[in-house]
Amino acid sequence: MLKIKDLHAGVEGNNILKGINLEVKPGEIHAIMGPNGSGKSSLASVLAGKDNYEVTSGSIEFEGKDLLDMDPEIRAREGIFLAFQYPVEIPGVSNLGFLKTAIKDVREHRGLPPLSAKEFLQRTREKQQLVEFDTQLANRSLNEGFSGGEKKRNEIFQLAMLEPKLSILDETDSGLDIDALRIVANGVNKLRSENNAFIIITHYQRLLDYIVPDVVHVLANGQIVKSGGKELALELEEKGYDWIKEDILNKTV
Amino acid sequence: MEIDLKDQIKNKFESLCAIGQSSEGDSIQKLRGKAFATFEQLGFPTIKNEDWKYTNVKPILKDNFSFTPIPTTSSYEEAIKDKGYFGQGLDAYTLILINGIYQPQWSNIPSDDSISIAAVEDVWDQVAIDEILNKDRNNKSNPFIALNTALFQGGIVIQIKKNKVLDKPIHLVHLGDSSEHYFQQSKNIFIAEFGSQAEIIESFENLNTESHLLRNAVTEIRVAANAKLQHYKLQKGDASLRLIEHTEVEQEGDSQYNNYTFTLPGYSFVRNNLNLALEGSNIDSHMYGLYLTNDHQLVDNHTLVDHQEPHCESNQMYKGIMMGHSRAIFNGKVYVHPIAQKTNAFQQNNNILFSDFATIYSKPQLEIFADDVKCSHGSTIGQLDPDALFYLKARGINEEDGRSMLVNAFAFDVTEKIENLEIKDLLNEAISQTMLGKALLV
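Sequences listed follow chains B and X, in order. If you count by this note's numbering, then the first sequence holds residues 349 to 601, one letter each, in order. If you count by this note's numbering, then the second sequence holds residues 3 to 444, one letter each, in order.
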């Protein structure tokens, strides 16, 4: 589904990603962990197409197509979804109104007929339940006055509504209390299927108690320095990131 | 050879006074004479006049104007259907005015006695109307008022009768039609009597776009105690139309007046003066403005809220979106007299610039002479939030739609205040259409 090859990227001449290689197959959940400043969120931004990031070399293929060639909205329509670390508040844009437009555009791109008002309503109701997202919130302006947890749940609600193929959760767990964390994780677990995939970016192992990843990667200094099974996350939680740094140092020596 | 504008004004004045010996009363003749002398002395405002510093009227006065219209048609029913105007089709009592003259044959009005409608010439001998016409206004800050008083012909007087609540808005449609460039002077009076409630909508269009229409209008509004008047100005139409709209509102205690002024791409020149005098206690005044400008438009909103008595609230919110080479001005003055304790006066002006060539001049002016008041003002100028736009795009929404959504959202603070739902929809739709069509223009 996703093939990242030797990706180098940065902002304003600062290299942040220094040769990322990653392959994600349908049905898989990948966790990306790593210390602050390692480039985790930059990777998410590059995948979503944020324009202040400059890709200097390497390639990203999504379902056989060149992702780097696409504008952000085309990537979204092709099936990439980024759950933002800091979702913006947009007073005056209605949550459901904007989702309606987004779904229309996504379906049009995929050659699907638009949802009828009834179908849209039905999907809204169903997905709201799935992520335990309050109807009151869904009907408000986009994230306006939402708490941190409500914003994150809204991201998962949008994810559920848009039915993407590849979802990237950028530190969705940060700022969540334990109940919200459970709700978000339950949502993801219900949404996962053999046709879609998830990249979960997180600092902590906590979220991975609820969402069990197939692969865990450790990102440090712009590179994936270690990959392993879900037990790697536990090891990181226990020992911190320093041992990995030492590990790499030993290898290079 | 072109006749000098000043000579033409003099000629027009002399012809009005010649006619006047037979048809106009002494009071009107005296009024005209005084106003003409004032205008002769002041002349047209220049950019040296503080109130016209950023609004140069010279370019719009260059035309070889006629002061009397030369109509191109008499079948206005068709002309209106062909040309249309912004706000056409609103559910309202529609009053058609051609070149300032009320046209009952194409208008529909309430069948009951809730309002009275008359041409200004037919009622100016009434004491109350005469008093309003003779009210001293600040000609110095706006010499166009003096010109208007000296030369006005046409205009309408609408009175909403005591305790009457209108079931539908009154929609005034000001249409111009002349085969030559036409400098129009019209005077309107709206009176909301005690306890009445009404909505007045105004639309403006030039039917013969081959020639310019410079409309210099003065509107006097009185809102009596316990009355509520909602006043909408819908300003969107042909570039051949230039507007100078001066509105004076006097409110008695316990009254409410809401003004909504919306200016969209089209008219090349718009100057709105909106002056509110709060002459009693417990008055509520709201002024909501939205200007979305493009091309070489100039849109200037000057407001003045005069708090003369205690316990009143005024609220101004003006939002601007500037594109192309357009230029906008917001000048909002709030004056709180020493006696006007417990005043709440708020003012806000936010602007988004969409182009490197667009300009906004924003100037809040608060003069507060009472010490127990709550007053605030804020002015911002910025660009569309790139993070918000990226957020929308990351959900699959294209750039144009995203911008349009964000502009609608920016305007939301104003549009959500529109109590007339038809106008709210009309405006939101007009914003979307403008943004989708013109978003990429520099």
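It should be emphasised that the hints constitute simulated quantities derived from the structure, not laboratory data. Be a bit skeptical, because a hint or two may be false.
[To be verified] Partial list, derived from the structure: chain X residues whose beta carbon lies under 10 Å from chain B:
| id | residue |
| --- | --- |
| 1 | Ala20 |
| 2 | Asn400 |
| 3 | Ala413 |
| 4 | Phe414 |
[Claimed, not checked] Straight-line alpha carbon distances no greater than 30 Å define the calculated BS3-like cross-link-like pairs of lysine-lysine that follow:
| id | chain 1 | residue 1 | chain 2 | residue 2 |
| --- | --- | --- | --- | --- |
| 5 | B | Lys499 | X | Lys426 |
| 6 | X | Lys426 | B | Lys448 |
| 7 | B | Lys499 | X | Lys142 |
| 8 | B | Lys452 | X | Lys142 |
| 9 | B | Lys448 | X | Lys419 |
| 10 | X | Lys166 | X | Lys8 |
| 11 | X | Lys60 | X | Lys36 |
[What the hints assert, rightly or not] Sample of chain B residues lacking proximity to chain X, with all beta carbon distances greater than 12 Å (derived):
| id | residue |
| --- | --- |
| 12 | Lys353 |
| 13 | Gly361 |
| 14 | Gly385 |
| 15 | Ala396 |
| 16 | Leu416 |
| 17 | Ser442 |
| 18 | Ile451 |
| 19 | Gly459 |
| 20 | Glu474 |
| 21 | Thr483 |
| 22 | Ser495 |
| 23 | Asn569 |
| 24 | Val573 |
| 25 | Leu582 |
Here the structure is a predicted model, which is why all the values come from computation and not from measurement. Every residue gets a Cβ at the ideal spot worked out from N, C-alpha and C, and that includes glycine.
Hint numbers not upheld by this structure, sorted from lowest to highest: Of the numbered hints given earlier, those the structure breaks are 1, 7, 8, 10, 15, 17 and 18, listed in rising order.
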